[in-house]
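K.L.:
Listed below are the residues making up each chain.
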Amino acid sequence: EDQVTQSPEALRLQEGESSSLNCSYTVSGLRGLFWYRQDPGKGPEFLFTLYSAGEEKEKERLKATLTKKESFLHITAPKPEDSATYLCAVQADFGNEKLTFGTGTRLTIIP
Amino acid sequence: KAGVTQTPRYLIKTRGQQVTLSCSPISGHRSVSWYQQTPGQGLQFLFEYFSETQRNKGNFPGRFSGRQFSNSRSEMNVSTLELGDSALYLCASRPGLSTDTQYFGPGTRLTVL
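Chains P and G supply the protein sequences, listed in that same order. FYI, my numbering numbers position 75 of the first sequence as 80, with every residue one higher than the one before it. FYI, my numbering numbers position 6 of the second sequence as 120, with every residue one higher than the one before it.
Do not rely on the hints blindly, as some may be mistaken.
Taking lysine-lysine and the DSSO-like style, the derived pairs with C-alpha atoms no more than 30 Å apart in a straight line are [said to hold, decoys possible]:
1) P:K68 with G:K115
2) P:K47 with G:K127
3) G:K171 with P:K73
Label pairs and their calculated CB-CB ranges [what the hints assert, rightly or not]:
4) P:E60 with G:T225: 36 to 42 Å
5) G:A116 with P:D44: 33 to 39 Å
6) G:A116 with P:E65: 22 to 28 Å
Hints listed in this document are in silico derivations from the structure and should not be mistaken for laboratory results. Note that the structure is a prediction, hence the values are computed from the model and not measured. For each residue, glycine too, the CB sits at the ideal point set by N, CA and C.
Please take these sequences and the hints and turn them into a complete structure.
P.N.:
Shown next as structure tokens:
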């Protein structure tokens, strides 16, 4: 069964203090790994899709990387508006194309 | 281009009732998936529809069902509601089966009393 574990569960950072969120996964064959951001009371907002080990993608202060066992979401010089829950999900490369989600990392950026 | 829309946004029901939730995908998107989000279990896959056919189904009881119309709009139905069905129900769409990225709507918050 596909599994996704995210750590830490919660992270509080000062504005400008860079850090990384971790997503460890177990999947029979990886078709894609996805990062989403979710604000309270809203649906997840798509950030990145990664397909193969070594791949990196960037968007503003966020950079996502992928290895064969885990993915990192690096946040550089975060601002208060980056506060949200960040969700990681995997999709297997055959059979059910559902997304299997981790429970998320709740990030709080303190001004 | 408008995003995924879901109606209603909030719903309060009592145990034993049934409920129908609606989802309109992004224009041109033909695949619609449904997910249940709860504080304890996180996001869990319910089912996916493409071209009016259910392609995949998650591990939920038969009380949860869905359908898709020819215009790609989708509905999900929960019969005989239980307290544990209280959750945020999220709909996600993607253009087709060859595109992996799913785009989510704002969700319907269902409370069962």
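K.L.:
Work down the list of hints and note, for each, if the structure agrees.
P.N.:
Hint by hint, here is what the structure shows:
1. A hinted pair counts as satisfied when its Cα atoms are at most 30 Å apart, and K68 of chain P with K115 of chain G qualifies at roughly 26 Å.
2. Between the alpha carbons of K47 of chain P and K127 of chain G the distance comes to roughly 21 Å, so the proposed pair stays at or under 30 Å and holds.
3. This hinted pair checks out: K171 of chain G and K73 of chain P have alpha carbons roughly 27 Å apart, not beyond 30 Å.
4. For the pair E60 of chain P and T225 of chain G, the beta carbons lie near 41 Å from each other, so the given range of 36 to 42 Å is met.
5. Separated by about 19 Å at the C-beta atoms, A116 of chain G and D44 of chain P break the suggested range of 33 to 39 Å.
6. Under the hint 22 to 28 Å, the C-beta atoms of A116 of chain G and E65 of chain P, about 24 Å apart, fit the expected range.
Comparing the model with each numbered hint stated earlier shows that hint 5 is the single one that does not hold.
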